[in-house]
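**Student:** The primary structure of each chain is shown beneath.
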Amino acid sequence: AQSVTQLDSHVSVSEGTPVLLRCNYSSSYSPSLFWYVQHPNKGLQLLLKYTSAATLVKGINGFEAEFKKSETSFHLTKPSAHMSDAAEYFCVVNIDTGRRALTFGSGTRLQVQP
Amino acid sequence: DSGVTQTPKHLITATGQRVTLRCSPRSGDLSVYWYQQSLDQGLQFLIQYYNGEERAKGNILERFSAQQFPDLHSELNLSSLELGDSALYFCASSVAGRYNQPQHFGDGTRLSIL
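Top line first, the protein sequences correspond to chains U and P. Letter 81 of the first sequence, counting from 1, is numbered 91 in the working numbering, and no numbers are missing. Letter 26 of the second sequence, counting from 1, is numbered 17 in the working numbering, and no numbers are missing.
Possibly wrong hints are sitting among the right ones.
[Unchecked claim] Only pairs whose alpha carbons sit at most 20 Å apart, straight line, appear in this in silico SDA-like list of lysine to any residue: (1) U:K52 x P:L2; (2) U:K59 x P:D(-8); (3) P:K0 x P:N68; (4) P:K0 x P:H64; (5) U:K52 x P:F55; (6) U:K52 x P:T(-2); (7) P:K0 x P:S77; (8) U:K59 x U:T15; (9) U:K78 x U:N34; (10) U:K52 x P:H1; (11) U:K52 x P:R101.
Derived by calculation from the structure, the hints in this document are not laboratory data.
Given only the sequences and the hints, what does the whole structure look like? Please build it.
**Tutor:** Listed below in C-alpha cells is the structure:
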C-alpha cells in the first residue's frame, strides 16, 4: 500500500521569504514522488518529480525537493516566495505495482502575503 | 498548457440525468486516467486506460463508465446522477502508463448537479 501525508493544510509566508511545504510518504516499494500545483479553476501542473536518480530534485519556477529515504520525506522548498506562487500544492506518490494511478496527499494551500 | 484537452469546461444538469465528459490526451501519450476532485474526498483516481484497454480501476462507481477510442481520446460517462456527483473531473495522460512517468492534467470539467 502507499500513502502520502501533507503535514500542513495551510501555509502563509511573506513575499520574498522561504517556502517549506512538508510531505511524508509511506510505501512498501521504491516510490516515484511528484509535486503538483493547482491554481484556482485550473488543472494540476507538474512542478517536479523524483524517480530514484538524484535525491535533490529541481523543478520549475525555482522550486526544489529533497528525497530523504531515512525520514520518508519529500519536502518542497523555494528560497524566495512570489505572489504568483499562491496556490494549492499536492504531494503525490506512485509505486511499481499493477496499479499505475497516483495517490495524492490532501493538499497544502500556500498563501503569500505582500 | 499541458496539451490535455477536456470538454466541456462546465456542465450543469439535474439528478437522474446522464452526461459524457471528453478528454483528448497529449500527442503521443497512450495512457489516460480519470480523477474526481471534491471538497470532502479530495483527489481520487477513477480509472485508467492504456491504448484502448482498461488497465486499472479505482474508486469508480458502477453508475460511471469510461472508454478509450482508437484515436486515443477518452470519454467518461456518468449516469443516474446524484447531488454527490458534483465535482471537478480531471483527465490526465502519460506516455506509457508507467509508474515513474509523470501524468499531465487537463483543466477539468466542473460538473454541477441541481
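**Student:** Now, for every hint given, state plainly whether the structure supports it.
**Tutor:** Do the hints match the structure? See the list:
{"no.": "1", "hint": "U:K52 x P:L2", "verdict": "16 Å, holds"}
{"no.": "2", "hint": "U:K59 x P:D(-8)", "verdict": "18 Å, holds"}
{"no.": "3", "hint": "P:K0 x P:N68", "verdict": "15 Å, holds"}
{"no.": "4", "hint": "P:K0 x P:H64", "verdict": "16 Å, holds"}
{"no.": "5", "hint": "U:K52 x P:F55", "verdict": "23 Å, violated"}
{"no.": "6", "hint": "U:K52 x P:T(-2)", "verdict": "13 Å, holds"}
{"no.": "7", "hint": "P:K0 x P:S77", "verdict": "14 Å, holds"}
{"no.": "8", "hint": "U:K59 x U:T15", "verdict": "17 Å, holds"}
{"no.": "9", "hint": "U:K78 x U:N34", "verdict": "10 Å, holds"}
{"no.": "10", "hint": "U:K52 x P:H1", "verdict": "12 Å, holds"}
{"no.": "11", "hint": "U:K52 x P:R101", "verdict": "11 Å, holds"}
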